[in-house]
Structures are given as C-alpha cells and as structure tokens.
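Here the protein sequences come in this chain order: A and B.
Start counting the first sequence at 1; every next residue gets the next number (the working numbering).
Start counting the second sequence at 1; every next residue gets the next number (the working numbering).
Rather than coming from a laboratory, the hints here were simulated on the basis of the structure.
Heads up, a few of these hints could be off.
[Said to hold, decoys possible] Incomplete in silico selection of chain B near chain A, CB under 8 Å:
1. V50
2. P52
3. G58
4. Y222
Here a beta-carbon is modelled for each residue, glycine too, at the ideal position from N, C-alpha and C.
Letter by letter, the chains look like this.
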Amino acid sequence: MYWHSFQEFIAMGGYGFYVWSSFGITFLAMMIELWALKKRRQRIAKMSNEGTI
Amino acid sequence: MDTVKAKNGINWLKYASPKTFYPLAGRLIPWFSAGAFLLIAYGLYLGLLVAPTDFQQGEGYRIIFVHVPAAWFSMFLYLLMAGYAVLGLVLNAKLSYMMAKAIAPTGAMFTLAALVTGSFWGKPMWGAWWVWDARLTSELILLFLYIGYFSLQSAIDDTNRADKASAILAIVGAINVPIIYFSVKWWNTLHQGASVSLTKAPAMAAIMLQGMLVMALGFWLYSVAVIFARVRCEILERDNKAALLRQEI
Numbered sequence: 001m002y003w004h005s006f007q008e009f010i011a012m013g014g015y016g017f018y019v020w021s022s023f024g025i026t027f028l029a030m031m032i033e034l035w036a037l038k039k040r041r042q043r044i045a046k047m048s049n050e051g052t053i
Numbered sequence: 001m002d003t004v005k006a007k008n009g010i011n012w013l014k015y016a017s018p019k020t021f022y023p024l025a026g027r028l029i030p031w032f033s034a035g036a037f038l039l040i041a042y043g044l045y046l047g048l049l050v051a052p053t054d055f056q057q058g059e060g061y062r063i064i065f066v067h068v069p070a071a072w073f074s075m076f077l078y079l080l081m082a083g084y085a086v087l088g089l090v091l092n093a094k095l096s097y098m099m100a101k102a103i104a105p106t107g108a109m110f111t112l113a114a115l116v117t118g119s120f121w122g123k124p125m126w127g128a129w130w131v132w133d134a135r136l137t138s139e140l141i142l143l144f145l146y147i148g149y150f151s152l153q154s155a156i157d158d159t160n161r162a163d164k165a166s167a168i169l170a171i172v173g174a175i176n177v178p179i180i181y182f183s184v185k186w187w188n189t190l191h192q193g194a195s196v197s198l199t200k201a202p203a204m205a206a207i208m209l210q211g212m213l214v215m216a217l218g219f220w221l222y223s224v225a226v227i228f229a230r231v232r233c234e235i236l237e238r239d240n241k242a243a244l245l246r247q248e249i
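With the rest of the complex left out, here is chain A (with noise of 0.2 Å):
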C-alpha cells in the first residue's frame, strides 16, 4: 500500500479533482453503455412477449 492515509488518498497530491473525475467519468460512460443495453434487451423482450417476434 502506497498511502499513508485516507485523506492523502483522495487528496491525491492536489491532483484530486482531476484525478477522480478522469475515474468517475470513464466508469460512468461503461454504466451508461451497459444501462443503454439493458434497456435495448428489454425492448426486445417486450416485443417477444407481445408475440411480434
């Protein structure tokens, strides 16, 4: 472990800000991909359970 406490962790050397936010926004764009497919399955389960499938 590199880090000696929580607080130096999330301060990141002053580079906090931008650090956590490069993080939070690459996960955040993969979540919003796998919601967006998730909606898509669920169209698709809709339109099967209606019988247009």
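Go by the hints and put chain B onto chain A.
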C-alpha cells in the same frame, strides 16, 4: 466449406451464421463479464493503491490507468470494426456487418473517455483543457468517424445498403488510426510520446506498467462482453424486421 472442415476438424464457418453465434455468445458473455470485473478491480487496486508516485507528474499521473487503456481501445476497436467491415464486404456475411455495427458504440465510448480523461490530465499538466495538437486532433477525428458511422447506419432504412455504405466509411476512416498512433513521432506534439512500445524497454516502473496492462485487459474483456450482447440484440432485431415485413406482404 468442406476444405475448412477437413483442415482443422472444426467447421469454423458454422460460427459465421447468426443462428449458431447467438447461443455461443450467450454462453460466453458471463465469463467475459466476470473476467472484466475482476481485472478492472485488480487494475484499480494496482493503479490507485499500490503504484508509487511519478517523480515528474506527481499523483496526477494516475489518470493514465484509465486514459491509456481507453485510448488503446478507441483505436483498436476502430481497426476491429474496419476489419469486420472488410469481411462483410468480401464474404457478404451478415454477421460481420452486425459485429462492425456492435463494435462502434463501445469504440466511441472509449474515444470519448480518452478525450475527456486527457483533458483532465492536460489542465493541471499543460494548463489547458484542450490544445490543437496532432494527437488530440486526430483522436477527435476518430470520435467524428464513429459518429459518422452510426449516423450513416441510421440514415439508411434498407439494412443491406446501410451495412455496405457504413462499412465503406469505416474502412476509409481506418487511415486515421496510424495517424493517431504515430502522431507523437511524426509531429512535434505537446502530447508525450508512447509510454509503452513494442521496440523499446518501457519508460515506467514495472508496477505502473502492470497496472496499466491489467486495466487494458479488463477493458478488452468488457468490450467483448458488451459487443457480444449487442450483436445478440442486433440478431433478434433483424429477425424481427424480416418477420414484420413478411406480415405486411
């Protein structure tokens, strides 16, 4: 088809059919997803908790653990998409076109992630969110190529024509990928040179490199899982389109 079967005992072309690929992809998705989750978690642990600081860039350098893998996959997925576009045109294989179409959103997502995380690196290090540097500009063009690809797909109603037209766009646009990759060598860019190269020893500590590679492998498994799930949707939607058309006739 027989010659392929005779050579290696497995009829690989069988997997080029959407009907066979659909259940196969369905069985593989949970494994790729689990692998992606574990590798990304391990990559985050190495990158955020274990790796030491960088003597020049301080803790801000940790952005590379998401930035570099995202940038690699923005380019690699584009080439893969263009490769499937070529296969689609040459073999006239529907599954290849569907693969190309399913790759595009993930490629675009990683391109956007690479650009945004790059911006969050540029602001503290260079003092600017954006500069019109060769590397940054060519990466932005990559995002526009992905957007152009989906726009063309959705602008043409006839699936066959949409597949062919967008395949040509994907193939022509592939010229941009080597431009992005070599931009730091060809021009005097503000963006730093490659941190990892196939020909030179890596310019970083082993643990940093390890964290970046683990994260990249995690992003790769994530991409495969998401692309397979999207191809499955595409197969069902296209089948349904044909069924709807039959009803109308």
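Item to check | Structure-inconsistent hints, enumerated in ascending order | outcome: Result: no hint breaks.
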